[in-house]
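One letter stands for each residue in the lines below.
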Amino acid sequence: MNHSLGNLEETILLLVMVIKDEAYGFSVVKHYQEHTGKSISISAVHSVLSRLEKKGFISSAMGGATEERGGRRKRIFRATKAGVTAVSQMKSDRQKLWKLIPELS
Amino acid sequence: MTQLYNRTKPPQWADKFLRWYCSAELLEEIQGDLYEAFDYRTKHIGAKKARWHFVLDVFKFFRPYSFKRTRVKNLNNLAMIKNYFKVAYRNLRKDYFYSSINVFGLAIGIAITLLIARFIQYELSFDKFHTNYENTYRIIRDRKVNDFETGTNTASPYLIGELAKTDMPDVVFGRIAPHSGLTVAAEKKFVENDILMVDENIFKIFDFEFVAGNPANDFHQPNLAILTKDIATKYFEEEDPIGKFISVRDQTYSVVGIVKRMPQNSHFHFDFLLSFETNRKFRSASSFEHPGNLWMYTYAMAPEGFGAEEIDYNLSKVYEKWAGDNPFAKNTTYYTQPLADIHLKTKTDGGDIGTNGSLLIVQGSAVSALIILLIACFNFMNLATARSTKKVKEVSVRKAVGAYRKNLIVQFLLESVLVTALACVIAVALAQLIAPFFNKVLGRELPLGFSNLQTELFWIVAGGAVISLLAGSYPAIYLSRFSPSSLMTSHGGKSAGMSAAIVRKGLVILQFTASIILIAATLIIYKQLNFIQAKELGFNKENVLVLSITNSQASEKKQFLKNEISRLPNVISTSLASNVPGDGLNSWRVESLDPDKKAQTSLHVMVFDYDYLQTLNLDLVAGRNFSRDFASDSLEAILLNQSAVELLGLEDPIGAEFSLNGQNEVKVIGVVKDFHSGSLYEEINPLLFKMEDSWYWKVTARVEPGNLQETIASIEKIWKGQVSDWPFNISFLDDRLARQYESDIRLGQSFVYFSVLAIFIACLGLFGLSSFATEQRFKEIGIRKALGAGTGDILPLIFKQFAVLLLISFLLAIPASWYMMDTWLQNFVFHAEIGPMIFVMAGILSILVAAITIGYHSMRAARANPVDSLRYE
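These protein sequences, in sequence, are chains A and B.
For the first sequence, the working numbering assigns the number 1 to the initial residue and increments by one for each residue that follows.
For the second sequence, the working numbering assigns the number 1 to the initial residue and increments by one for each residue that follows.
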């Protein structure tokens, strides 16, 4: 399986880490809009989340239900060790590259 | 109120759609997110937009990611399939009663379908073995006299082919003329009937297989003969026949080739082929000129790109030129009939070169086969679902252990495949067994066994697959639906059982509707056949012998033959005539000589002598018969029938004067009461009767009933003494008339068998179902009996269940069969009324049979000792 991280995947993985204990489909959508200013559909988020889970970067468990969800439970996502390693690896890779750029005016 | 409702809830249909496609594992989180988003958006951007977004999101989720699926892969497929077979086999054995009903019913259905398929395939294969069959046609003609269709002639005169040939040089025209007579060769003498005189083009149009010699190109010469192998042996035995001479009716032919017989599925057959040119040596000049002299069949083979319409168009123009101003020409149309249509689509009352088939029978048997097969399939479905209570356990356990619905469907389908396969094997054996009988019913000599092993096997396997899918898919889908919990809760299983019970009832209704339709159809066919048999035709058709004298030798001696026959002890009366009822008729032009009435028309003509009215027991309503006392009668007198008097508008017919064909001037001397000169398919034709010595082709004789064989033998003796060279051709008038309805009679006969089979298979299913129904209520019946119910109280319990179904089928069958059979009856101008009795009889018959079927189990259950059903527990 391909264990690389795509651009959107990376953003969403980071968002999951940002939101921490309350990361589920719709909260990720809201945070995405808030932090990037762009809109994203729920279904897109869902499929990215499931892809990340398949790759082992996040894990999930069913959480609590709320009134506005019509009594349906949330699937709460959490970054796994592998996930954290992957984003930090990516970050350090990028930083190395940044450092190699002579100057940026 | 509704607005508030709408505002707080997302669109229901979209939500439903989501639930439908979304897999169960994902539904909760997706739906939750969508609800939450809806709630959030309602607050922030308004209800309307929120609803819109909800719908949009539902559709965005509609992708493989969220679809229902079973994710587990079955790693142990082979072992499972083995297990399926084992369980299927055990199920079959355990319920051998139901299994044998299934297998046996299906086997009968498949066997009948197989036989009928063979029959239809055979009927459709006629003349298609010729290489050029697709662009080969026969030239036939339709005639109309006074708007009375006088039917189609498949034979044609010499000139039409001759004229067409010059007009269409690209088209190959060929002729076949049937011939017969005393044949002599190598000191052997036989009267031969199957002789065809053909021209050289016939060998280009049709495919012949020569065994020796290839004289096709020489056949424009006269006096050549080609024999079939059997005939060569018959006359010449072991000697080489090529170069030998054979004489037919005093013409000598030299044998130039040996050819194979035509295959069975050819519309013409022969023992001899003689060269057509020889006809010129013994036929009169008028045979080659007169447009009414139809003694040959003309075939045309069009080159590539030359359509039938083009030939038809050219034919009509050629004919127009030929006929000129002759008003009769307008009555006749020549046109092409595709070669492949000859066998099933020829409609003629004038006879044909061979015996044709009947499209009616092909269609009727196809429909019957389908009905019988469907009834058998329904049995399978019904018995499978009826036993669902037993299957519930198996399904539940399998599901609890981890089987998916898909697996169960496969398993049940395998079971039906197994049953069908078994049925197919039995069906093939059964088909072989009943094939001879079947052939007799349909009047065909189909080859026993496989005509083409590979194709037939392919169709059996393909058909079996379709049947097992058809019969097995519903039970498979239905049975695999049970959830494991339905085993524990009685409620779950019951509600599922209800829907199946409705389907089951529906199928039983369909089965019996179909059966009753077939029974009613059979009864109606027989009612019509009886009607035909009993119909007052206006003459007495019983005990009339008809002797054909269609040859010159006999024709010269016809008066002598008549006198000799009339002297026989059992002969009451004899007469000479051109036609008897049932024959096709000629027509003459009739012009009134009354200057006030310039009436001109055409009338059908029957020519006969003084004694015809007496011989056939025809009645005169006015005037007098031809009489020997008036010498002029033989030339100047005519009779008319009532319809003709009406058509000509004669108020006082006796003494009215006409000219015939613009030549003879004649006077009406009497009026004959209307009689059916044609079949009951047609109206009574206006007829003209005259004496005409050269037109007598038949001797008719009314004989005493009893000693018929003796009488015929004495007539044959007279014939042999006078006309040794010609076949003796005698028949009974009533047989000749019955032959008009041959395909209807055969349809009736085959429908008897088809409807018996249909009701039998339907009852097989009913037998199984009623056994099941009583089994289910065994305890109930036991308790009722223990509480004092008698047999008479128990029986209605069971009967009631099925009586309603039968009643509904009966009601459904009435309009269906009425419509179907009314269409058929419309073929006859004179036909029986369908009437309510038919349906009452069909209903009583089927309900009686069904009652006996159900009765067996019901009686057993009602009579059983309650102890047996209540003891354990």
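Honestly, the hints are just simulated from the structure, not real lab data.
Some hints here could point you the wrong way.
As the list claims (entries may be wrong) - Straight-line distance between alpha carbons at most 25 Å, and here's what the computed DMTMM-like set of lysine to aspartate or glutamate pairs gives: (1) B:Lys-43 x A:Glu-68; (2) B:Lys-60 x A:Asp-93; (3) B:Lys-204 x B:Asp-95; (4) B:Lys-60 x A:Glu-103; (5) B:Lys-144 x B:Asp-629; (6) B:Lys-9 x A:Glu-10; (7) A:Lys-54 x B:Glu-25.
Unchecked claim - Each pair of labels, with its calculated beta carbon distance range: (8) A:Glu-67 x B:Leu-27: 12 to 20 Å; (9) A:Glu-53 x B:Trp-459: 31 to 39 Å; (10) B:Ala-79 x A:Lys-30: 23 to 31 Å; (11) A:Glu-67 x B:Gln-12: 14 to 22 Å.
Glycine residues also receive a C-beta, built at the ideal position from the N, C-alpha and C atoms.
Now for the hints, and whether the structure bears them out:
1. Of the supplied pair hints, the one linking Lys-43 (chain B) and Glu-68 (chain A) holds, its CA atoms being roughly 11 Å apart against a limit of 25 Å.
2. Taking the CA atoms of Lys-60 (chain B) and Asp-93 (chain A), the gap is near 35 Å; set against the 25 Å cutoff, the hint is violated.
3. In summary, the hint linking Lys-204 (chain B) to Asp-95 (chain B) is not supported, as the alpha carbons are separated by about 64 Å, beyond the 25 Å threshold.
4. Simply put, Lys-60 (chain B) and Glu-103 (chain A) have alpha-carbon atoms about 44 Å apart, too far for the 25 Å limit, and the pair is violated.
5. Our distance criterion of 25 Å between C-alpha atoms is broken by Lys-144 (chain B) and Asp-629 (chain B), whose separation comes to about 37 Å.
6. With a C-alpha separation of about 35 Å, the suggested pair Lys-9 (chain B) and Glu-10 (chain A) falls outside the 25 Å cut-off, and the hint is violated.
7. With a C-alpha separation of about 15 Å, the suggested pairing of Lys-54 (chain A) with Glu-25 (chain B) holds against the 25 Å cut-off.
8. Checked against the hint of 12 to 20 Å, the pair Glu-67 (chain A) and Leu-27 (chain B) passes, with Cβ atoms roughly 19 Å apart.
9. About 52 Å separates the C-beta atoms of Glu-53 (chain A) and Trp-459 (chain B), a value inconsistent with the hinted range of 31 to 39 Å.
10. Between Ala-79 (chain B) and Lys-30 (chain A) the beta carbons are some 51 Å apart, a value that contradicts the proposed interval 23 to 31 Å.
11. In this structure, Glu-67 (chain A) and Gln-12 (chain B) meet the distance hint of 14 to 22 Å, their C-beta atoms being roughly 19 Å apart.
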